[in-house]
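If you read the protein sequences in the order shown, they are chains A and B.
Residue numbers for the first sequence follow the numbering used here, so the first one is 8 and each next one is one higher.
Residue numbers for the second sequence follow the numbering used here, so the first one is 243 and each next one is one higher.
These are calculated hints, taken from the structure and not from any lab test.
Note that beta-carbon positions come from the ideal geometry of N, C-alpha and C, so glycine has one too.
Take a look, some chain A residues computed to stay more than 10 angstroms from chain B by CB distance: (1) A110; (2) P163; (3) L222; (4) Y287; (5) Y338; (6) T357; (7) R384; (8) L398; (9) A402; (10) L423; (11) T426; (12) S522.
List of simulated lysine to aspartate or glutamate pairs, EDC-like, C-alpha gap at most 16 angstroms: (13) B:K322 - A:D458; (14) B:K479 - B:E538; (15) B:K324 - A:E459; (16) B:K438 - B:D408; (17) B:K438 - B:D410; (18) A:K216 - A:E201; (19) A:K216 - A:E200; (20) B:K424 - B:E274; (21) B:K322 - A:E459.
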Amino acid sequence: MPEKETACAENRIAYYRQAALENPSRFRLYIWRGNPPGFIPEALALVTALVMFIPILYVLVRGIQGGWERWLTLLDTRIPHLLWNTLSLTVVVSLAALLIGVAAAWLVTRTDLPGRKIWAWLLALPLVVPPYVGAISYIIVFGPQGLVRNLVGEAPFDIYSFGGVAAVLTMFTYPYVFLITSAALKRFNLNYEEAGRMAGLNHLQVFRKITLPLLRPAMGAGVLLVSLYALSDFGLVSMLRYTTFTTAIYFQMGSFDRLSAAVLSVVLILITLVILWLEYRTRSRQRFVQDAGTFRKPLPFSLGRWRLAGLLGLGAVVASALVLPLSVLVYWSYYGIARGALDGRFLEYTSHSLLTAGAAAIFCAVLALPLVYLKSRHPSPVSSFYEKLALAGYALPGVIIALGMVFIFNSYIPALYGTAVVLVLAYIIRFLPQAMQAESASLNQVSPRLDEAGRSLGYPPWQVISRIILPLIRPGILAGMALVFVSAVKELPATLLLRPPGMDTLAVRIWIEASEGFYDMAAPASLLIIIVSAVPLKWLINRF
Amino acid sequence: MKAITLKNVKKDYPGCSVPAVDNLSLEVEEGEILTLLGPSGCGKTTTLRLIAGFERPDQGSIALAGRIVTGPGRWIPPEKRKVGMVFQDYALLPHLTVGENIALGLKKETRGRKVVEMTALVNLQGLENRYPHELSGGQQQRVALARALAHNPVVILLDEPFSNLDTDLRSYMRREVTKIIKAAGTTAVFVTHDLKDALAVSDRVAVIKDGRLEQVGSPVAIYRHPETEFVATFVGKSTILDGVIGPDRRSVKTAIGTIPCAHTHNHLPGRQVKVSIRPDSFELDPAGDIRGTIKETIYGGNEIEAVLEARTTNGPVDLQVHIHPEENTREGTELRFHVLPEFVAVIDH
Chain A
8 MPEKETACAE NRIAYYRQAA LENPSRFRLY IWRGNPPGFI PEALALVTAL
58 VMFIPILYVL VRGIQGGWER WLTLLDTRIP HLLWNTLSLT VVVSLAALLI
108 GVAAAWLVTR TDLPGRKIWA WLLALPLVVP PYVGAISYII VFGPQGLVRN
158 LVGEAPFDIY SFGGVAAVLT MFTYPYVFLI TSAALKRFNL NYEEAGRMAG
208 LNHLQVFRKI TLPLLRPAMG AGVLLVSLYA LSDFGLVSML RYTTFTTAIY
258 FQMGSFDRLS AAVLSVVLIL ITLVILWLEY RTRSRQRFVQ DAGTFRKPLP
308 FSLGRWRLAG LLGLGAVVAS ALVLPLSVLV YWSYYGIARG ALDGRFLEYT
358 SHSLLTAGAA AIFCAVLALP LVYLKSRHPS PVSSFYEKLA LAGYALPGVI
408 IALGMVFIFN SYIPALYGTA VVLVLAYIIR FLPQAMQAES ASLNQVSPRL
458 DEAGRSLGYP PWQVISRIIL PLIRPGILAG MALVFVSAVK ELPATLLLRP
508 PGMDTLAVRI WIEASEGFYD MAAPASLLII IVSAVPLKWL INRF
Chain B
243 MKAITLKNVK KDYPGCSVPA VDNLSLEVEE GEILTLLGPS GCGKTTTLRL
293 IAGFERPDQG SIALAGRIVT GPGRWIPPEK RKVGMVFQDY ALLPHLTVGE
343 NIALGLKKET RGRKVVEMTA LVNLQGLENR YPHELSGGQQ QRVALARALA
393 HNPVVILLDE PFSNLDTDLR SYMRREVTKI IKAAGTTAVF VTHDLKDALA
443 VSDRVAVIKD GRLEQVGSPV AIYRHPETEF VATFVGKSTI LDGVIGPDRR
493 SVKTAIGTIP CAHTHNHLPG RQVKVSIRPD SFELDPAGDI RGTIKETIYG
543 GNEIEAVLEA RTTNGPVDLQ VHIHPEENTR EGTELRFHVL PEFVAVIDH
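Just chain B, same shape as in the assembly (with noise of 0.2 angstroms):
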């Protein structure tokens, strides 16, 4: 049984041109962590706040773990969903200590139980009877995220939970919170904006545009074999160029040459596309067949980021490639490159 059904779930915001969410479905199996990823205005956070009941759709169902909890002549309060929510502040009660506040709205005989439970769960052994203003921002969250997981919820929602946090702080809790979640066993969506999040907690990222659904995948699936022109440029980078499958099927042949593709979707020799080449994809190499000089390059520290220009026959192409930090790299410098076939993907449009 899948843990949540959207089907052709609409909302409209009344007087906006494009939809809020349109025509969206996807399926959330049990025990998965599902991550919704866009740009700030996608729609996404509207998807989340229609799980949970706090929006109704204008079109489409909704169903937890196989309840249909909103559709057409059904409409289950968000009280009632057994949905468990970690939202963007925490939204932790100022005046009710840490184990008050994860025993909000349990039933008196298993408070007591309950809470302590929840606090080794979420690693607060201790700390119950401080107030949430005693707390760090890490340990709110995990207050947060014990009160949603206290009620055994079917799924449990997370809005953008890790955007009040400090560098630092974010790549730790995003460990731990995927930790605590995959030992609770509860399938869980999380709603966010940044890549690395989507990427680091997610089994699955659901990649949205506009209200629409751009692809769905796993991390690696989503950033090795891009599906669409944006899920390309927006999860991560990428040069797109425009070319004709090769006779093998396992080639394009483009402006910068021909190149090897590990993922064509099995369209015919001789077709026109379009594909995508990961920086990764560019390799260095004294004997390579690309040759370009550097255009622009930006230091990460651990890679160079470059905008390589590459010469062809129909004039020059913008390349972008990442170079080990150890090269010596200047704006002007002539580099030759092949490309390994892993990172590149035919892109349908």
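Pulled out of the complex, with its shape left as it was, chain A reads as follows (with noise of 0.2 angstroms):
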């Protein structure tokens, strides 16, 4: 861009708004900054982003005009208990992942400690284990009737306990502080902590006082996430019989008490909102940005005796999140499978969950390219608008997105409900942003310059569009299609509550089957699921 526009972007704003304001005919000149898209990429973008935001809108008003009676009610019952169980199983998850992510990401990242690279992986890994999957095995392993009550006599402790699903949970959520904060390790600029040694700091005080506040932005970044996840949780919480937020709407769900599910959906819907403030604002406070610099790999730091307690805290960690679900359903899949677990049906609750999830995949990186295409060539208020209403389910529990289909399906679309489209929808809803979010990061990387010597080579903008943005999009555009494909068939409150009768998904038989015990049945599913989900783990990984 020439300089003098962007030192002028201000002015130009004040400039289309006086505009605007003196002829009514440039309001949209003045809405777009000066440079309108085309009607068909702006319309489709609008009905994708109206159609996300709509049933969540929908909740809301449903839960708000519930009633004061109910509201009442409820506040004086089930609110005060479901909002200690919900916040304080947060904030210790959170609190708990932070310090094993941060801990971990600096033993891999900037020690000698032996082996950092296949830790690295190790300690991604639990990732592709959905938590409820995770749950199940360490009921399997600790619970009542589990393997070591088995074997000495009693249970160590009480899986079913707050500390046994605070535990639980941590195990499965630390990898995305792990993630995002090796990643800020990794491209962490020198200098800073070089400057600090010569000013006569110490180890110790250069990591208390230059790096880790330094990594404040990424910390919070992956606590945003953990907290985030640890809210919007049903499956784990619910197999470990600890009773939240979700848990309580997907109940009152079940006894038709549609507007009470409404009015804790509410409640829910300003946790999260809160959450999400409480990061924007810490963020564009500290809105420091390390320039890269030149890279140069750190020394790294000696452990000397404390390499073993380093090996030994990782180990654990490995052991606890991986080695032990893993082996467990390895185990149980074996048994299962000489029971005739892979059957007919099983063959069928497969396919149920491929078609699925595939359909979501499919439309989702289709649905996702006319908005990201306005943000990125079409940067304005009105496209982050746009992008905004479309994320809207992004942060938000699957029983409420299932909650709000299930209104509106019911009241004005009913000849749908009940079928297929319903569920796939939901999908949508609860995915696009990941397929958004992919597709955007590839985008970013195509220089507005290429669509300007395809324009000069003799394409019209849709040529250009086709024949110049979208071969170099496709990595990210399948991407987006994985990522999706693997939460759809993971996803497991909204099936249980959207999917057509008789139409079991391979996640809502493992749910049904380790319901009931039979563990042996559920494992086999388990397993497939992580092997589908190890698929985008390259990905997944360089998302942070």
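Using the hints, build the complex out of the two chains.
In structure tokens form, the structure reads like this:
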């Protein structure tokens, strides 16, 4: 861009505002900052964004209209208890995940620990284990009828307690903090630390006064993901018989008290918004950017005598988050397959999973394109607004989106209610943001100069998109599809609530079988989901 | 017929106090290489983007080969203008080979023949199947040039084409690119803020400041006879002095004495003017009238750039001079000069 244009960006907004006030026909020019997109991409983006947002809006409206009586009763009886349960779990899990994640990231990137590359992989891998599957494996080992009890005579601790839930949830969420923090540590500009050493600080002081504060944005981002997950998790807490907002909403819907479910949803949405707002505030306050500088490999910190302690610590994490669940599942799968778990019904569940998740992946990849294109090539408050609408479903629990779908399809489109269409739509609303992130990361790599080169070589705008942009962002589109596909295969609460009668998926079967104690039947499906989840691991890790 | 005609073109970036391009009128002859030269932010890149059709002017019209492409009630989109563009970062498509990049947007029938023809023109035979990242900077630039020329454009536009090359390659590519464009017989407009680029490649140079045209002319004319103070100081160094036109109209009376001047714009004798004296005009002469002491020197290898403090009746005056590197000069050395008329010009004000 010519320098003048960027220098005058703010005045330009004022100019267009003035022009719009004087002549309403220039309003469109004003809101698009002088660069309006074509009609077709804008229409597609607008419709997608609205469809993404309406179910959530509907839950909010229904919840607020729920009536004073209902609100007062719930505030009196259920909400305080649920608030305490949910918030204490979220806080404890976030802190524990932060501690484990940062320590592991530092050990793996900055010390002389043996086998650091392998540790880095092993520590990231628990991300592919759906937390409810992890919970099942812990119940199998430590439950009241578990392996340990069979060996020792009594269960070592109560897995169904707060401590048990928090520990298991931490094991399957710390990788978020680990991945984001180690990515930040790898990009870390060493000059800052060296400047600290020059100023006479010792290793510990440098870590406390320089490294840690500069890592705060990364740690904040990691904790945000963990706490949003803890708020929205349904499978793990319900497996471990712990009551949070999500399980309460789920059982409220099960007893057809949808208005109470909507009231509880409003509270949960508010909590989510508060967390997002807190994160936004801390991030905008400390917006320091590290200029990359020239990359240098840091001199690894010598652990000395602490090396063994480091190895034991990482070993314990990998053992409990990866080795234990995998070996338990492999053992029970072997047992289950010998007893005929891989029958025709298993194939049927698998095909239901593949079909619904595949449809969601394809729709997400296509629907994300116009939104991402407008955001990148026509940046303006309007394209940001469309994007925010479409991202609304991202942070919200599956139960709330399912509730919105139930409301809308029951009231307005009953013909489709109870079909796979509703389920796929719920997947799209929940997971479209993943496709958008992958595609926009790709598109931002494509210089707008390439668009202009295409125009000067005789391509009209739509051919620039089809011949230049699409081939270049194909990896991003595929990555987005893979991420959506895997998330949809793993998805539990919305699938439980919205699946058509008789159309069980792998995730649903795991939940049902495990609830009834048939672990040998649940294990092969769990293992299959983990294998499928491992496919886009490369992209999953690169996102951080 | 002119290849490009800009008539009173104006482009405001709304909210800026100064227009990006201000009432610019310019004509480019067919087959000519013209360079838009100016400091960064002067509007030269905007002018290029206006010609290409990536920006719309607020006023004025632009015609390419006699066809109006933008003007009151008329707008032809960039893809229909037959304009070739070479971008600063080349904008080669990373997923396409050299051949495929050159073939972009060409009709199927002509594609094969054109790619052969163009790779021969830019001297890249045998590299058709390489990918852009496998090429050196100079080769990438040739591909960008070939891609732009393959469409037989009316005009080819080059935005700071040499800024990504290091010094050696830069002077080599200046010659190569000029040769290729001349061989193709195409009209070309360069944009640069680098004086050497501009003087080396152009048939004519247009110096632009704050969106306005300061002077158009051949590199020699621009350097020898700057018409404004800005051109005198931006295009190389110059000493600017107040003076009065002498009775013979071939000299100017200034504080450092009467100096011969080859370019007086036919001003009448006695008129108050400013005069620009290039460092090359000052010649060391033990018998010269102009005396001064060396105040600063920058050793440049092939010459010494120096500031000479001359004593005059109105106090000391700083002069920009070049001294042969053989001379043993130090700060404080006293030297005498006389002035040659070729690099002295009266500038309007």
